[in-house]
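Q: Chain A is already provided as a structure; the job is to place chain B on it using the hints.
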Amino acid sequence: MNEINDVNDTGDLAVLRLDEFLAHPPARVWQALTDPGLLARWFMPGDFRLAVGHRYTMAGMAMPGTGFSGTVQAEVLAFEPERMLRLGWRDADPASRAAADWTITWTLEPEGRGTRLFLTHEGFDPGSELQRRARSIMDGGWRHLLTDRLAAVL
Amino acid sequence: MERVDITPAAPAEDEIFAALASPVRREVLRLLREQGPQSVQDLASGFAMARPSFSEHLRVLREAGLVSERRDGRRRLYRLEAVPLARVRDWLDPYERFWRGRLTGLRDLLDGMDDTDGTDDMDDIGDAAALGRTGDQETR
Numbered sequence: 001m002n003e004i005n006d007v008n009d010t011g012d013l014a015v016l017r018l019d020e021f022l023a024h025p026p027a028r029v030w031q032a033l034t035d036p037g038l039l040a041r042w043f044m045p046g047d048f049r050l051a052v053g054h055r056y057t058m059a060g061m062a063m064p065g066t067g068f069s070g071t072v073q074a075e076v077l078a079f080e081p082e083r084m085l086r087l088g089w090r091d092a093d094p095a096s097r098a099a100a101d102w103t104i105t106w107t108l109e110p111e112g113r114g115t116r117l118f119l120t121h122e123g124f125d126p127g128s129e130l131q132r133r134a135r136s137i138m139d140g141g142w143r144h145l146l147t148d149r150l151a152a153v154l
Numbered sequence: 001m002e003r004v005d006i007t008p009a010a011p012a013e014d015e016i017f018a019a020l021a022s023p024v025r026r027e028v029l030r031l032l033r034e035q036g037p038q039s040v041q042d043l044a045s046g047f048a049m050a051r052p053s054f055s056e057h058l059r060v061l062r063e064a065g066l067v068s069e070r071r072d073g074r075r076r077l078y079r080l081e082a083v084p085l086a087r088v089r090d091w092l093d094p095y096e097r098f099w100r101g102r103l104t105g106l107r108d109l110l111d112g113m114d115d116t117d118g119t120d121d122m123d124d125i126g127d128a129a130a131l132g133r134t135g136d137q138e139t140r
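For the record, the sequence lines run as chains A and B.
Residue numbering for the first sequence follows full-length UniProt numbering, starting at 1 and increasing by one per position.
Residue numbering for the second sequence follows full-length UniProt numbering, starting at 1 and increasing by one per position.
Bound conformation, chain A alone (with noise of 0.2 Å):
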């Protein structure tokens, strides 16, 4: 996991971004983002198709603390191959308490003989209370700490 940044140490927390290089040109990063039978394999499975306004769902989406039910609808809001995949995702079960409504990009941007692929995710409740709670502990670079450094006292 080294080679992904964490770039929102500025403490937006709206947004969710990360990074990572993968070692394979784009046209290959974007099969696995787009064939449903690959995005079964490493994400989840659904009924993925590559057509903007294209709805399917996901199971298995598990995140403990966050009231998310684990179940997404998704829905294809625009593409461009091998460059650019912009989804909406909803919690499937609207009573949920997470309340999603995200927008998860992907870009793929070539970088030497791989591709630099930055994911997006954004549409956080900054007012949810993790929200709050998260805010009023993430200054200071301390997401950093965190999410990377801590291995080092563990």
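No lab work stands behind these hints: they were computed from the structure.
It should be emphasised that the depicted structure is a prediction, and the values quoted were computed from it without experimental measurement.
For each residue, glycine too, the CB sits at the ideal point set by N, CA and C.
Take the hints with a grain of salt, since some may be wrong.
Stated by the list, open to error - Simulated restraints on C-beta separations: (1) A:G60 <-> B:R74: 52 to 60 Å; (2) A:R49 <-> B:P37: 55 to 63 Å; (3) A:G112 <-> B:G105: 21 to 29 Å; (4) B:R102 <-> A:H54: 15 to 23 Å.
A: For chain B alone, coordinates are given in the frame of chain A:
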């Protein structure tokens, strides 16, 4: 800290979060993490506040389990206790953990496929099928 409807949390978690809500206490933890166990005197020297106030911060950290104290002669040595911090991390950003886990899975999957020819298709699809993959590869 205001309480609203959240996942039932052990009181200790509230204590931990309350302890972390103070920049002074976070700085204490940072010093302990970076410099290792140290005495109250050494710790306090980095903070411009009266000793009783500083001691109160240490008490909060102690009761949250984030630091521990032991006697060393006349000195009291403080050290960081990592386990509560690990719980905070796990609690704090389950989404980040989720994505990191998935990205690891993606990397493993891609590394297990052959794309050295750069054409990224049929030969590898066969491999994928052999591994139990189903579905339509013509999605690009």
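Q: Run every hint past the structure and note whether it holds.
A: Here is how each hint holds up against the structure:
1. A:G60 <-> B:R74: 52 to 60 Å: 57 Å, holds
2. A:R49 <-> B:P37: 55 to 63 Å: 57 Å, holds
3. A:G112 <-> B:G105: 21 to 29 Å: 22 Å, holds
4. B:R102 <-> A:H54: 15 to 23 Å: 21 Å, holds
The structure shown violates none of the earlier numbered hints.
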